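Enquirer: From first to last, the protein sequence lines stand for chains L and A.
Residues in the first sequence are numbered consecutively from 1, following my numbering.
Residues in the second sequence are numbered consecutively from 1001, following my numbering.
Worth flagging that the hints you see were computed from the coordinates, not collected in a lab.
Computed from a predicted structure; not experimentally measured.
Using N, Cα and C, we set each Cβ at its ideal position, and we do this for glycine too.
Keep in mind that a hint or two might mislead.
[Unchecked claim] Using C-beta positions, here's what the derived DEER-type ranges look like:
1. L:Ser-67 to A:Arg-1456: 37 to 47 Å
2. L:Thr-76 to A:Ala-1411: 38 to 48 Å
3. A:Ala-1405 to L:Thr-76: 32 to 42 Å
4. L:Arg-137 to A:Arg-1456: 48 to 58 Å
5. L:Asp-140 to A:Ala-1415: 33 to 43 Å
Each chain, written out:
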Amino acid sequence: MTPPKPDPVIHVIDDEAPFRRSLVFLLESSGWTACEHDSAESFLAAPPILPTAGGCLVLDIRMPRISGLELQRRLTALNSPWPIIFMTGHGDVDLAVQAMKDGAVDFLQKPFKDQAFLDTIERAVELSRTRQQASRRCNDARALLDRLSPRETEVARHLALGLSNKEIGRELAISDNTVHVHRQHVMEKTATGSAAELARLILRADPNGLDG
Amino acid sequence: MDVRSFSFARLCALLVALWPTVAGAGDLRIGVLAWFGDQTAATQWQRLGAALQAQLPATTVHIAYHDMNGLENALAAGELDFIITNPGHYVVLESRHRATRIATQKIEPDRDSEHAVGSAVIVPSERSDLQTLDDLRGRRIAATVPDGFSGWLTVWAELKRRDIDPENEEVTPVFAGLPMSRVLETLERGEVDAGILRVCLLEHLVRQGRLPAGRYRVLSPQEPDAPCLRSTPTYPGWAFAAAVQTPDALARAVLVALLSLNGREDVLRWGVPADYHPVHAMLRDLQVAPYDFLRAHRLEAQIRRYWPIGAGLLVLLVLWLFYTLRVEVMVQRRTRELSAALAARDEIEESMQAQRQKMEHLSRLSVLGELSGTLAHELNQPLATIGNYARSLTRRLTAGKLSDAAVAQAAQEIAEQAERAAGILEGIRNFARKRASQREDCDAGKLVGEIVTLFRGMLARAPEIRIEDRLPDERRKVRVDRLQIQQVLLNLMKNALDAHCAIGRAGEPIEILLAPAGERTKITVRDHGPGLAEADGTRLFEPFFTTKPDGMGLGLSICKGIVEAHAGQLVAAPPDDGHGLCLSFTLPSAATPHHDAT
Chain L
1 MTPPKPDPVI
11 HVIDDEAPFR
21 RSLVFLLESS
31 GWTACEHDSA
41 ESFLAAPPIL
51 PTAGGCLVLD
61 IRMPRISGLE
71 LQRRLTALNS
81 PWPIIFMTGH
91 GDVDLAVQAM
101 KDGAVDFLQK
111 PFKDQAFLDT
121 IERAVELSRT
131 RQQASRRCND
141 ARALLDRLSP
151 RETEVARHLA
161 LGLSNKEIGR
171 ELAISDNTVH
181 VHRQHVMEKT
191 ATGSAAELAR
201 LILRADPNGL
211 DG
Chain A
1001 MDVRSFSFAR
1011 LCALLVALWP
1021 TVAGAGDLRI
1031 GVLAWFGDQT
1041 AATQWQRLGA
1051 ALQAQLPATT
1061 VHIAYHDMNG
1071 LENALAAGEL
1081 DFIITNPGHY
1091 VVLESRHRAT
1101 RIATQKIEPD
1111 RDSEHAVGSA
1121 VIVPSERSDL
1131 QTLDDLRGRR
1141 IAATVPDGFS
1151 GWLTVWAELK
1161 RRDIDPENEE
1171 VTPVFAGLPM
1181 SRVLETLERG
1191 EVDAGILRVC
1201 LLEHLVRQGR
1211 LPAGRYRVLS
1221 PQEPDAPCLR
1231 STPTYPGWAF
1241 AAAVQTPDAL
1251 ARAVLVALLS
1261 LNGREDVLRW
1271 GVPADYHPVH
1281 AMLRDLQVAP
1291 YDFLRAHRLE
1301 AQIRRYWPIG
1311 AGLLVLLVLW
1321 LFYTLRVEVM
1331 VQRRTRELSA
1341 ALAARDEIEE
1351 SMQAQRQKME
1361 HLSRLSVLGE
1371 LSGTLAHELN
1381 QPLATIGNYA
1391 RSLTRRLTAG
1401 KLSDAAVAQA
1411 AQEIAEQAER
1421 AAGILEGIRN
1431 FARKRASQRE
1441 DCDAGKLVGE
1451 IVTLFRGMLA
1461 RAPEIRIEDR
1471 LPDERRKVRV
1481 DRLQIQQVLL
1491 NLMKNALDAH
1501 CAIGRAGEPI
1511 EILLAPAGER
1521 TKITVRDHGP
1531 GLAEADGTRL
1541 FEPFFTTKPD
1551 GMGLGLSICK
1561 GIVEAHAGQL
1571 VAAPPDDGHG
1581 LCLSFTLPSA
1591 ATPHHDAT
């Protein structure tokens, strides 16, 4: 278990020890904090949490038993936030394309330039930070929306869709005044001042939150 | 007449009385040699004819006069019953016509007889340089005719006895012809240094006053006190001989008549047949008739006499030569054909060998090619690692935070990776190199170990390869072409890996078993793949047969060739336990002599 650190963490997963060590050495030369794993299994045995400062995974696409692609699938299933960079050998382009479709950040064909590698790491770590922030805002929005009662949630959704009090009352078969009271509670609880603001909050919590 | 000859005469008279009819039987034909011409001879021999006629009244005596050839021809033609001739000529006729002498003319040694047989060589008395016959060397000498007995042959024999050979031109005879007086004429003219006369002729001529006494001198006189001087021995006198067809009775009658003659004259004095051996000896020595064949012996006679044998030998020689030549030509042709055939065979073998080597090389390259994808990856790994460390060091240096520990770690890693890359390249280069086949003794386990290392080195993630070595210590060595056998093993391992990949289990271990098999060493490569369909089993080792979509199909067919060149066999068989395939072959042990097929 990697303890949470303020720095971003790069995990290198490759069964080729010398090469793996050389990548760690390179990353450390550029000031990154790097961890190494000799197989997918050892990584999955204790999956590290993505630090607030971000980080990424560097995976060899071909590994015995659990390959890089397989590890990617398992992490996706776990909703892992780690951005993944694949390293491929000559002639593994098909595998690389599949990896990109499955959400990989990038792939590097060996042998690769150290600068290209480090740039890709930089980009992935940046992406991880962005994802961290997006995730955090979503969680905040959900926390606000979770404070609403079921009736208030319904009223909030209709408000976000731009309906008037009268229209909401007719829709929900309640009086205008009742709608007005619920509206005031929603605004207070979500600390929003307008229907447009409320709509953004709902979408932040759930991109599909306003559908049908 | 002495008592003995008188008794003989009486005996002969008695014989005549016993066959009275024989004497009266017709004509009695006598041929006489006349060297002075018929007329002279007739006057000489007339008295003998008359005397015989008187002795033999019942017959009519005819006397004919001939020269030598004429006499011989008449005798040969059967025209004569008897002949009278000189000793030399008689010997000839005796040999050629089987004439038989019945009496010999009696010449008293002390008598000056014109029938004496022997020769005197005369020179002008003033020629003081000519004292003996030996002095005649290099001179010219006058003779009568080449076959004249007293006129040439007797002197020739005497000269030859003194090692003066007229035939070697050590003395030159000049033949003046008959009568003998021509010899004197030639000598008178000074054309010659000496002349040959029959014995007593010189004395006769002097006595008749036809030559002044002392005008000529006789060389090498044999008996200086004799009435007639002679330079040669005397020979038996003239012969009275019967022709071959003359009846014995007639011969006897004539003999008796001859012996009964009585008179002072030479022609009437006949005695018992003399021994003509000296004449024979002389003529044989001179190699003249009848011994002329001896002369011929020396020259063309040999050829004439033996020409059938000679010709036969020649024919045989020619045949033998022809045969020998023919045999020689055939042997040469066969040899040429054979060596041409051998050369052609060698050429074919050589080109086949070259082709095989090329194919082997190709197959090695082909195996390498099939492995090259992972090979590139494998080489990239150490190179990339090295690059990473080098750049890392640069970065740390630039950042001013290069620690000794970091340098040490990077240097260590770089060195290891460089060695690893070099090792991979070396193995491949050795393997891919073009080369001629060469046998060496090597440890079978080591051989397998090396190629397994190369195989694993060429693969990014090589499967486990389990080597089970059951070879006892004394059976470890095999005599093989190391690279060829490693090529076979590499192919078999590659096949095993492909078989595993085909069922998606690339990580399955490959098993290699080394075990003694009789005198040889058996190596088996076993996989756990899908095995072999029965139909493929028969075609497995054919060139260009492959079950792989990207294979060339040359690998196993070349492996088979290599194994067979090591007097072994490449066999595919299902394993005893479980699924998969066993490919096995045997190798000659180092100590075992084996047939070298390559």
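Enquirer: Each hint: holds or not?
Expert: Quick rundown of the hints versus the structure:
1. L:Ser-67 to A:Arg-1456: 37 to 47 Å: violated (20 Å)
2. L:Thr-76 to A:Ala-1411: 38 to 48 Å: For Ala-1411 of chain A against Thr-76 of chain L, whose Cβ atoms are near 40 Å apart, the range 38 to 48 Å holds.
3. A:Ala-1405 to L:Thr-76: 32 to 42 Å: holds (39 Å)
4. L:Arg-137 to A:Arg-1456: 48 to 58 Å: holds (53 Å)
5. L:Asp-140 to A:Ala-1415: 33 to 43 Å: violated (54 Å)
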